[in-house]
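Protein chains in written order, with this note's numbering: chain C, 1 to 175; chain S, 1 to 412; chain P, 1 to 178.
Worth flagging that the hints you see were computed from the coordinates, not collected in a lab. Small disclaimer: the values here were computed from a predicted structure and weren't measured. For glycine and all other residues, C-beta sits at the position ideal for the given N, C-alpha and C. Mixed in with the good hints, there may be bad ones.
Claimed, not checked - The calculated DSBU-like cross-link candidates involving lysine-lysine, where the alpha carbons are at most 35 Å apart (straight line), are:
no.: 1; chain 1: C; residue 1: Lys-83; chain 2: C; residue 2: Lys-44
no.: 2; chain 1: S; residue 1: Lys-191; chain 2: C; residue 2: Lys-125
no.: 3; chain 1: C; residue 1: Lys-10; chain 2: S; residue 2: Lys-248
no.: 4; chain 1: C; residue 1: Lys-69; chain 2: S; residue 2: Lys-187
no.: 5; chain 1: S; residue 1: Lys-291; chain 2: C; residue 2: Lys-50
no.: 6; chain 1: C; residue 1: Lys-69; chain 2: S; residue 2: Lys-78
no.: 7; chain 1: C; residue 1: Lys-83; chain 2: S; residue 2: Lys-226
no.: 8; chain 1: P; residue 1: Lys-152; chain 2: P; residue 2: Lys-86
no.: 9; chain 1: S; residue 1: Lys-248; chain 2: C; residue 2: Lys-50
no.: 10; chain 1: C; residue 1: Lys-50; chain 2: S; residue 2: Lys-266
no.: 11; chain 1: S; residue 1: Lys-78; chain 2: C; residue 2: Lys-148
no.: 12; chain 1: S; residue 1: Lys-317; chain 2: S; residue 2: Lys-339
no.: 13; chain 1: S; residue 1: Lys-339; chain 2: C; residue 2: Lys-106
To be verified - To give an idea of the interface, some chain P residues facing chain S are shown, with a C-beta separation under 10 Å as derived from the structure:
no.: 14; residue: Leu-31
no.: 15; residue: Ile-40
no.: 16; residue: Phe-50
no.: 17; residue: Phe-55
no.: 18; residue: Gly-56
no.: 19; residue: Arg-75
no.: 20; residue: Asn-111
Claimed, not checked - Which stretches of chain C does chain S cover? Using the computed rule of at least three CB atoms under 8 Å from a CB of chain S, they are:
no.: 21; stretch: 2-16
no.: 22; stretch: 49-58
no.: 23; stretch: 76-88
no.: 24; stretch: 95-105
no.: 25; stretch: 129-139
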Amino acid sequence: MEDKLRTFLKDLFGEKILSEYTHRGQLSFYIQPQALREIAVALKNDSDLKFDFLTDITVVDHQGQAWEKDGRFEMVYIFLSLKNTFQFMLRAKLPENAATMPTLSKDWACANWLEREVWDLMGIKFEGHPELTKILTVDELVGHPLRKDFGITYEMPQFSHNSDEIEVVPDNPHH
Amino acid sequence: MNTQAEHKPSSVEFSDVVEHDGGRKTMTLNMGPQHPSTHGVLRLVLELDGETVVSCEPVIGYLHTGIEKSLESKLYYKALPMTDRMDYMSPMSNNLGFCLAIEKLLDIEEAIPARAKWIRVLMAELTRINSHLVWLGTHAIDLGAMSMFLYAFRDREAILDIYEIVSGQRMMSSYFRVGGLMDDVPKSFHKSVRRILTELPKRIDEYEDLLTNNRIWQMRTIGVAKISAENAINGGLTGSSLRGSGVKYDVRKAFPYSDYDKFDFKVPVGEHGDVFSRYQVRMYEMRESLKIVQQALDGLPEGPIRAHVPGVVLPPKPDVLSKMESLIYHFKIITDGFKVPRGSVYVPIESGKGEIGFFIDSDGTNVPNRVRVRPPSFVNLSALPSMVEGSLVSDVVAAIGSLDIVLGEIDR
Amino acid sequence: MGLEEKIPEGIALTTVDTMVNWARKRSIWPLGFGLACCAIEMMSTFASRFDVSRFGMEVMRSSPRQADLIIVSGRVTQKMAPVLRKLYEQMPDPKWVISMGACASCGGVFNNYAIIQGVDRVVPVDIYMPGCPPRPEQLIDGILKLHAKIEKESLRSKPKSTVTRAQSTDATSKKAEA
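Model the full structure from these sequences, guided by the hints.
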C-alpha cells in the first residue's frame, strides 16, 4: 500500500511532493502548500487508493525552535482510506508571512469546521472557505491563542488580573 | 498578531421574523446555550417555517477551555489529568489515547506488559458502557422517557464504583499512565466486575423491552435525522454515528491497539442511518463491550503493571523504598519529567463517542510542543445541520441526542 | 412562658422570618443548568442513588424565571460568563448561587486565557464547593449548608441582587471611579 501511494504521488505530482517523512511507522509526505487541493482530490477520486475520509486537519507552531526557518507553521492533514484501511498524512510548511492554504471545505463537509478551528486558534487562512469566522473563542479576543507568542493566562475580556493591561473597548457587552 | 478588524465575530445576528421574496415568512429561534436538551452549553440558531427547520446553525465555544494550550505548558505526565476533563463521560478512553500516543513517540509500545494492556482494555470497555448509559439516559429523557434516565444512572453507579476502587476517584480517574497503570487492581475488583457482568445484560434486555418496540419511541426515532453512508463519510462522522449509516469502521478492528486483536467481538452496523439505527448500534455495542470485559477478566494475565523503562516509567514502589537507583529515577521523573525524541505521531482510538485521536508533536524536550485532539463530537456535530434541515423542530432534539455529543470535547 | 398557656391548642407562635425561611429552604427549585464535568455529578445527585428529592429539591426548572438556585457546575468560560450573568439576572429574588467544583470556585486546573478564575467575578456566590468534581454527597452537604444559611436570613435585609459583589469585576466602572 505504501509503495502504491508513493508511486501514485510521484508519478502524478512529481516536484510538488517535496519529501517523505516516516516517524514510528507513520508515513507523511511534505507537499507544496498550494498543491494540497489537487493532490487530496486526486487521492479521493482514485478508485484504487480511495482516500475518501478526511480524519483531521491540524497545525503545529514551530516558533522559537531551530527548525523554524523552514516555515513557522506546519499544516497536517490526516487521510484515511476506508477501503484499504490505511492512514497517512500530508504536511505542508508555511512561513509566517504567507500562512494561507487552499480550502478543502468544498470536497469534504467536515473540513468546514476543522478549518474554522485552525483559523480561530492558529490564524491560518483558507482561500475559498465560505465562512472563515471564529468558532471557539470569544468574539472580543484578538489574536490566535494557540500561537506560541500568545500568553497562556492572558484574559482578553477583562474579568480578573490583567484588566489594567487591556484597553477597554467602549461598547463592551459585559456590563 | 492580527487586528480586530480581521476578526469577524461568530455570533449570529438575527431578527425574530424574516420576510422572504414572495411573502414567505420565517421565524428565527434561539435554542441554548442554556437548554435542557442540548447536552451542555450548545447553542443552535434555527430558522423555522412553521414547524419545519429551514436552516440550523450551531454556535459552539461556550465551554472553550483552552485545554490544548494548557497541555503545551505541562510535563507529559502532568498533562494527563487534563485529558480526563475533555470527554468527561469517558475519561479512561482519553487517558488511553494520550498514553498510547506518548508511548508511540517514545517507542516503548513493545515494553508495555500484557497485564497492563488487558486491564486497559477492560477499563476502556467499561468506560464505553458508562458513556453509552449516559447517552441512553439523556437521549431518552429528551424524548420523554423519564424513567430511563433513572435506570441508566443507577447502572452507571456500579461502573463508577469500579473507577473508585481502582483509582480513588469516581469520574476523573487518571488511572492509565505512560508505560502502564497507576497501580494494580485491588482484590475486590474481580467481584465487582463479575456483578456487572451478571446484572447488566438483564438490565439491557429490560431497556430494550421499554424502548425498542415502544410505539412512541419508534415514531420519534425511525426515519428521523437520516444521513446516508456517503454523506457520513464525507462529513467525517465516526463511532456509532458512522456505523448507524452502515459503514463498518471501528478503530479497534481497523488499527488494533492495546491487544484488541486478541479479543473476539463484533462491530454492529445499522441499515438506515436514522436515529433508531444509531440507537440500535449503541445498544448492541454495550453487549459486545460486556463480552470483551468478560474475556479480559477471565484471561487477565499475571505480571507487572508498568513497563521497565528506566528514566521514563516510574519504578515499582517497593524498589523505590529499597534500591538507590530506583529512588533516583523516581525523583528525576517526578521533578523533571522525561524527554521525548523529536517527531510527531497521530494515534487514534475508539472511544464511546467515536474516533478520538491524539496528534502530539515533540521538539525533544520534556513538554509537548503541540497536542492536538481530534474530537469525534466536534466533527459529528458539524453534520447536524444537514441532518435536521427540512425536518420538524422537535426532531432536532432527537438528532442531537442520537449524535451523542459532549460539549467538553467539542470546545476543549 | 405565660402566653403559650393561654392560646388554644393547634396554634404555635413563631416569627415571620422563621416561617418564611422554613418554607423557602424546603422548596428550593434549582435551575437545570449544566456546564461541564460537574454537571454529570449534579445529574447523578438528582438520579436514583443519591436522590436529592429527599431535600425537596428535585424540581429542576428549565426556565430561570421559575428557579431559586443556580448551581454553577463546571468551568465558566469567557464566552459563557455573560450568559450566566443574564440567567442570574432573570431569576426572581430571593436567589442563591452554589459554585460547584474547583473550576467554578477558582478556575481549577485551567489557569489560562479561556477560563474565568472563579465564578464570583460574575455572580455573587453563597456556597463554594471544592473537588474536581465534588462527589454527590458533597453537593448534598453543600445544599444542606445552604439550607442552614437560609435559616439565618431575614426578610428585612435588602434583596440580594442589589448587593452583588460582582460589580467590582467590571473594569470599565472601576476605571470610571478612579
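Cross-check of the supplied hints:
1. Lys-83/C x Lys-44/C: Holds, because 11 Å separates the two Cα atoms, which is no more than 35 Å.
2. Lys-191/S x Lys-125/C: Violated, because 55 Å separates the two Cα atoms, which is more than 35 Å.
3. Lys-10/C x Lys-248/S: holds (31 Å)
4. Lys-69/C x Lys-187/S: Violated. Lys-69/C to Lys-187/S sits at ~56 Å, over the 35 Å cutoff.
5. Lys-291/S x Lys-50/C: The hint holds at about 34 Å.
6. Lys-69/C x Lys-78/S: holds (30 Å)
7. Lys-83/C x Lys-226/S: With Cα atoms ~23 Å apart, Lys-83/C and Lys-226/S stay inside 35 Å; holds.
8. Lys-152/P x Lys-86/P: holds (27 Å)
9. Lys-248/S x Lys-50/C: holds (16 Å)
10. Lys-50/C x Lys-266/S: holds (25 Å)
11. Lys-78/S x Lys-148/C: holds (20 Å)
12. Lys-317/S x Lys-339/S: holds (22 Å)
13. Lys-339/S x Lys-106/C: Status violated; Cα separation ~41 Å.
14. Leu-31: Check passed: Cβ of Leu-31/P comes within 8 Å of chain S, closer than 10 Å.
15. Ile-40: holds (6 Å)
16. Phe-50: holds (9 Å)
17. Phe-55: It is violated, given that the least Cβ distance between Phe-55/P and chain S is near 17 Å, above 10 Å.
18. Gly-56: Violated - the Cβ of Gly-56/P stays beyond 10 Å from chain S, reaching only about 18 Å at its closest.
19. Arg-75: holds (6 Å)
20. Asn-111: Holds, because the Cβ-Cβ distance from Asn-111/P to chain S comes to roughly 8 Å (cut-off 10 Å).
21. 2-16: violated (count 0)
22. 49-58: Holds: 6 residues of the stretch 49-58 of chain C have a Cβ under 8 Å from chain S.
23. 76-88: holds (count 5)
24. 95-105: violated (count 0)
25. 129-139: holds (count 8)
Hint compliance for this structure: hints 2, 4, 13, 17, 18, 21, 24 are not met, and every other hint is.
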